[in-house]
Amino acid sequence: MSDAILNQAYDVQRVREDFPVLSRSVHARKGKPGKPLVYLDSGASAQKPRQVIQAMTRFMEEDYSNIHRGVHFLSQTATDQFEAVRTKVARFLNAPSDRCIVFTRSSTEAINLVAASYGRTFLNEGDEVILSIMEHHANIVPWQLLQAEKKIVIKVVPCDEDGVLDMDAYKDLLSDRTKLVAITHCSNVLGTVTPAKAIAALAHERGVPVLFDGSQAVVHGRVDVQEIDADFYVFTAHKLYGPTGLGVLYGKYELLKRMPPYQGGGDMIESVSFEGTTFKAPPSRFEAGTPPITEVIGLGAAIDYVEALGREAIAAHEHDLLQYATQQLSQVDGLRIVGTAPGKGPILSFALEGIHPHDVGTIVDQYGVAVRVGRHCAEPLAERFGVGPTVRASFGLYNTREEADALVESLLAVKEFFGA
Amino acid sequence: MMDDLRELYQEVILDHGKHPRNFRHPDESNREAKGENPMCGDRFMVYLTVKDGLVEDVAFQGRGCAISTASASMMTELVRGKTAAEAERLFHAFHELCTQDEPDIPEGVDDETMEKLMVMSGVRQFPVRVKCATLAWHAMNAALHGEAAASSDQY
Ligand SMILES: Cc1ncc(COP(=O)(O)O)c(C=O)c1O
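Residue numbers (full-length UniProt numbering), protein chains in the order written: chain A, 1 to 420; chain B, 1 to 155.
Keep in mind that a hint or two might mislead.
[Unchecked claim] Label pairs and their calculated CB-CB ranges:
id	chain 1	residue 1	chain 2	residue 2	range
1	B	D104	A	Q13	47 to 55 Å
2	B	M118	A	E402	38 to 46 Å
3	A	A28	B	D104	43 to 51 Å
4	B	E147	A	P96	55 to 63 Å
5	B	D52	A	G31	52 to 60 Å
6	B	D4	A	E17	26 to 34 Å
[Stated by the list, open to error] Anything over 12 Å on all C-beta distances counts as not near chain B; from chain A, calculated:
id	residue
7	L22
8	R50
9	D98
10	R99
11	T121
12	E125
13	Q144
14	K150
15	I154
16	D172
17	E205
18	Q263
19	T362
20	D365
21	R375
22	G419
By construction, these hints were calculated from the structure, which means they are not laboratory data.
Every residue, glycine too, gets a C-beta built ideally from N, C-alpha and C.
Modelling step: build the complete structure from the supplied sequences, incorporating the hints.
Shown next as structure tokens:
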């Protein structure tokens, strides 16, 4: 009942009009019309609403300048707008202060920053970092680099057949040797949402800080870093309907304060001399060089956009799509969905018996359906489920039930093609 | 548009994809190389038995999509019985066919062989799938040259 009311209020057709690319067709050729685009790859990167595109264009046309360094009018204007987005991001995550928000190039860079700065400083030989089996390579490889350098030990929390994180195993892995936990808040393959608050609470009993990879989680629901009690939380703007080239690291201030710089350069120093250089306080300390200024403005617009639609309303809409698509896909013979955790995000990875995902991807693409195929930058997970590469359909705030139908139809065509 | 698909997934290709020929690990082989597509993790081992400059046997094993499996299967049939020099020529001919709109085919490839190679040329309309089609060929060529693996950036 309440779902129905929410969904009525959510006018997806109007939402779609905000996204110029969604009205295009693909594969038009030699005077033949193409197929309407059915974009089911938002998990890889989301499309951008006109509001974001226009905010970035307007900023470049009217207010653009470098920030934090000019005394002139435009520099001041640009700096004010840039810093206002920092405050907005803090509010978006319910961070206690905008001093806890560091702008990075991506989620990837945010995690590398923590591994390089916090990891190199506070982790030593034999110390353990706990990851999970469902990590994106972005939350595996930085720790492996640290492993090579500092001889730390990486422990991996498994998941069950549904893709639910094994909390008992996690408890068993936690020990006096554990020095950091780094776990995804939402799997980009399985859609599993992990119990962040419980993960953090257990680690904190031992005084161990926790980093969450929120790249997928911030897109599909409200995140409150204080409620979770996250020590570090990262996300990337391009999956949140914002621009590429920009990520966010939230860190508790008392941790950030104790961490050395990640990169050196302009804007992060208090004074430079060849006898010694002193660094600014966070977040500036971690923002060496000219940041992606226009992109930060774009992220501000993206946050305004999802907040205007309402994060609960978006989540309800996506949940409806997930349920509907799951139901429809389950009726396709020989289709196996990988990732069936309760409360999961709108991400559906699956395998079609006897047909390789690459072939599926190529054929459904001819029907205008854009999905991701492969191992989705999570090879250990693909091995865990013994399926190798899969097809992934990921839904965003602009997708519709008709698009889920289009996916199913195109899959039936694939099966017919292969006589399966 | 669907014509391109039919062109890519011709009956012969679907057949080789489902029932690959020479899909085995021969006891006798004296050269082998791995081909791997990092995008999807598909991986083939190609085994050659080369004696006195003649490729007496070709076989392969591994996991791949219909295109890469069919291409590997057809490669084994085409290369068997050829001299090492001829096999290399076929590799270059095939590579041209898959990547160039106006392929520059080396001298000395007969019409019947060309016709069989042409079956795969539909992949030109699908640039991201070229790696699939050429995977086993690259591995074969690497094995011919005594290399253990086809380097992934040359596809
Ligand atoms: C869970 C997860 N973590 C990290 C990343 C990396 O994001 P980016 O490439 O923007 O750094 C992604 C995106 O693919 C992701 O899905």
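We went through each hint and held it up to the structure:
{"no.": "1", "hint": "B/D104 x A/Q13: 47 to 55 Å", "result": "51 Å, holds"}
{"no.": "2", "hint": "B/M118 x A/E402: 38 to 46 Å", "result": "40 Å, holds"}
{"no.": "3", "hint": "A/A28 x B/D104: 43 to 51 Å", "result": "31 Å, violated"}
{"no.": "4", "hint": "B/E147 x A/P96: 55 to 63 Å", "result": "57 Å, holds"}
{"no.": "5", "hint": "B/D52 x A/G31: 52 to 60 Å", "result": "57 Å, holds"}
{"no.": "6", "hint": "B/D4 x A/E17: 26 to 34 Å", "result": "32 Å, holds"}
{"no.": "7", "hint": "L22", "result": "20 Å, holds"}
{"no.": "8", "hint": "R50", "result": "29 Å, holds"}
{"no.": "9", "hint": "D98", "result": "40 Å, holds"}
{"no.": "10", "hint": "R99", "result": "41 Å, holds"}
{"no.": "11", "hint": "T121", "result": "33 Å, holds"}
{"no.": "12", "hint": "E125", "result": "32 Å, holds"}
{"no.": "13", "hint": "Q144", "result": "17 Å, holds"}
{"no.": "14", "hint": "K150", "result": "28 Å, holds"}
{"no.": "15", "hint": "I154", "result": "21 Å, holds"}
{"no.": "16", "hint": "D172", "result": "30 Å, holds"}
{"no.": "17", "hint": "E205", "result": "39 Å, holds"}
{"no.": "18", "hint": "Q263", "result": "28 Å, holds"}
{"no.": "19", "hint": "T362", "result": "6 Å, violated"}
{"no.": "20", "hint": "D365", "result": "9 Å, violated"}
{"no.": "21", "hint": "R375", "result": "6 Å, violated"}
{"no.": "22", "hint": "G419", "result": "8 Å, violated"}
Consistency note: the structure conflicts with the earlier hints numbered 3, 19, 20, 21, 22.
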